[in-house]
Amino acid sequence: MAHDLELIQVGKTYPDGTVAVSDFDLKVEKGEFVAFLGPSGCGKSTTLRMIAGFEDITNGQILIQGRDVSTIPPEKRPTSMIFQNYALFPHMTVRQNIAFGLDIKGMAKAEKDSKVDRILDMFDLTEFADRRADRLSGGQRQRIALARGLVVEPEILLLDEPLGALDANLRRIIQNELKLLQRELGITFVFVTHAQSEALGLSDRVVVMSNGIVEQISHPKELYRRPASPFVAEFIGSNTIIKGTPQPGDATGLAQLNTPLGVIRGHGPADADMAVIPAEAFRITPAGAPGELRFDGTVTNKSLIGSVGHIRVRLADQREIEVETHADTDAAQALVPGAPITLGVDPVSVTLIHS
Amino acid sequence: MNTRILRPALAVYTAAFLLFLYGPLIVLAILSFQSQTGGPQFPIQEWSTYWYRHLFGLTETSRISQLPVGDSLVRSLVLAFMTTVVSTVLGTMSAEAFRTRFKGSGPVFYLIILGMMVPGVLVGLGMALLSNFAGIDRAWWGTAFVLHVVYTYPFAFLVMLAIFNRFDRSVEEASMSLGVSPAQTFRRVTFPIIFPGVLSAMLFSFTLSYDEFSRTLFTVGRELTLPLSIYGTFSVEIYPNIFAFGVLTTLFSFTLLVIYGVLMKRFTASRAGRFSGQEEAA
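Those protein sequence lines, which keep their order, are chains A and F. Going by UniProt numbering, 354 is the number at position 354 of the first sequence; the sequence numbering is gapless. Going by UniProt numbering, 139 is the number at position 139 of the second sequence; the sequence numbering is gapless.
Errors might be hidden in some of the hints.
What the hints assert, rightly or not - Cut-off 16 Å, straight-line C-alpha distance, at most; resulting in silico cross-link-like pairs (EDC-like, lysine to aspartate or glutamate):
1) A:Lys-105 with A:Glu-153
2) A:Lys-243 with A:Asp-271
3) F:Lys-103 with A:Asp-16
4) A:Lys-302 with A:Glu-324
5) A:Lys-76 with F:Glu-173
6) A:Lys-30 with A:Glu-153
What the hints assert, rightly or not - Partial list, derived from the structure: chain A residues whose beta carbon lies under 7 Å from chain F:
7) Ala-52
8) Phe-54
9) Pro-74
10) Glu-75
11) Ser-80
12) Met-81
13) Phe-83
14) Ala-87
15) Phe-89
16) His-91
17) Gly-101
18) Ile-104
19) Val-152
By construction, these hints were calculated from the structure, which means they are not laboratory data. Source: prediction; values computed, not measured. For every residue, glycine included, the Cβ atom is placed at its ideal position computed from N, Cα and C.
Just need the whole structure built from these sequences, with the hints factored in.
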């Protein structure tokens, strides 16, 4: 069974020699929700546009359900694209917008009308059907765009920062709708965003990109737990990154690293030279539990937000990290600026990577 | 500055501006109602529509011959229409081409613009010499037509360039991603959106061609266009019938403007806020 979408060594180099994307490999299963995540200019939108056919590729191949579409024009690809600015047709009503793709295909009126009616109903747009699209709110407009893109029954829906123009509240609402919709329809979604929360909250897999290169492709949880590159470690969540030199591994099968803060054990290759510790792995321990990594430091600041205490700690190498704690505990009460503090980390939550 | 002074000052300025803008036209309109015995100047002997009737040959023969503008009016209208069609199509197509940078787009841009920059008399003379040299007969539908297009095409081009400049390409991409071919996308999506621009380009081309003088002077051949034949009547003696004619052509221009305005309103009013795209939520 062919993959729904497959990118093989896809790359794009502009005529002036600038590399937009290089060596992009990806296999997407039918019904998967994949997010491209990265800072602006990392090539995520370019890749999406290459899948849609709006940008040529200069290397590799793009396959949709086993068929090479690399040189096929956008209108002949089984993809629909959703744009950040909605890209609705300003001279048409909501219904005309949605029916447009079917109109051009020359679908019989009865069939077309029933499809449009069904999707209008699905997106709660029936009451706006005969209004002009540009008179409606951002959320409604994005629903129209989704309805318009889905009514032509694409194999793959491509979404280019579709929530970017919406306010925070609406973004959450549409985000939920998207997730439900995708599950219900069972079609493949490829979603581009620079917002971690969207990528991690929506997708089955996240492709993290930077500078035109794929840094890591994995499940959202894995991105947090096991970043594969320094870029991902810095970009996702808030990690403490400590450089060191590789040491022979310990008996438990963990790799070891000699760092200015002592020997750090963690998951990773034996020759890794960088330790990544997630912020939430730090625990305040009075004595240090057996088997845990110990970090000694000094409290520099403490702030309370509700019952959560945020404590800034200066470690031995002068770096400051922030640790969350429950504010009511006796241990937390004693933590005034200047007081010594000991942090413990379970080595299992530490990831060792190559810098 | 104090608005107490500024406002009246601006009002006076605006009034003076309007007076100078429309003054000649108003004088012309008043004098066109001069009586048969009056000349082309004040005072008005007696109000009458004599010169309007004279214009259409509805008066008894007088020693003043009818204004010989009938044929040239038709010629000018046809020429302006031909020019409008060709220039607008060319202008739209080249503006479309300029949406993406291409090799030599800079020089090509200036070559197009050159058509409206060079002095008309020189181009006209050059064209006359060239057609003489090449053995081409000069005619309003030939040599003059070519120069009219050369002259109005840059205007149409610039108008369309401005329109495409603020045109959101993602609308076309959305259409194509729905499975619509580029040709259909242009017809069903792009063209309706740029239509107000096309109307403006047409208006420019038409009016510029309709009263073009210097380029036409050397290239028109034996059969004259309207501005030339009106100018020709000046060399004899001026009668108020020319004013009456002026009023009528001005009315014609106003009619064009009204049609333009109505069409513009129809195609743009419903689209307010088109470019405010990415804003407010519910």
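Going through the hints against the structure:
Restraint check: the Cα-Cα separation between A:Lys-105 and A:Glu-153 comes to about 12 Å, which is no more than 16 Å; the hinted pair holds. Taking the CA atoms of A:Lys-243 and A:Asp-271, the gap is near 12 Å; set against the 16 Å cutoff, the hint holds. The straight-line distance between the Cα atoms of F:Lys-103 and A:Asp-16 is roughly 13 Å, inside the 16 Å bound, and the hint therefore holds. For a cut-off of 16 Å, the pair hint linking A:Lys-302 to A:Glu-324 stands: about 10 Å separates their Cα positions.
Restraint check for A:Lys-76 and F:Glu-173: satisfied, since their Cα atoms lie roughly 13 Å apart, inside the 16 Å limit. About 14 Å separates the Cα atoms of A:Lys-30 and A:Glu-153, which keeps this hinted pair within 16 Å; it holds. Look at A:Ala-52: its Cβ gets to within about 6 Å of chain F, closer than 7 Å, so that hint holds up. Against a cut-off of 7 Å between C-beta atoms, the interface hint on A:Phe-54 holds, since the closest Cβ of chain F lies about 6 Å away.
Taking 7 Å as the C-beta contact cut-off toward chain F, the hint placing A:Pro-74 at the interface holds, the least distance being around 4 Å. Residue-level restraint check for A:Glu-75 holds (minimum Cβ-Cβ distance to chain F is 5 Å; threshold 7 Å). Of the supplied interface hints, the one on A:Ser-80 holds, with its beta-carbon coming within about 5 Å of a beta-carbon of chain F, less than 7 Å. The beta carbon of A:Met-81 is positioned within 7 Å of a beta carbon in chain F (closest approach about 4 Å), and the interface hint is therefore held.
With a least beta-carbon distance of about 5 Å to chain F, the hint placing A:Phe-83 at the interface is held under the 7 Å criterion. Checking A:Ala-87 against chain F: minimum C-beta separation of about 4 Å stays under 7 Å; hint holds. With 7 Å as the threshold, the beta carbon of A:Phe-89 comes within range of chain F, its nearest partner Cβ sitting at about 6 Å, so the hint holds. Satisfaction of the interface hint for A:His-91 is found here, the shortest Cβ-Cβ separation to chain F being roughly 5 Å, below the 7 Å cut-off.
The restraint placing A:Gly-101 at the interface with chain F holds, with a minimum CB-CB distance near 3 Å, inside the 7 Å limit. Look at A:Ile-104: its Cβ gets to within about 5 Å of chain F, closer than 7 Å, so that hint holds up. With 7 Å as the threshold, the beta carbon of A:Val-152 comes within range of chain F, its nearest partner Cβ sitting at about 5 Å, so the hint holds.
Every hint from the earlier list agrees with this structure, and none is contradicted.
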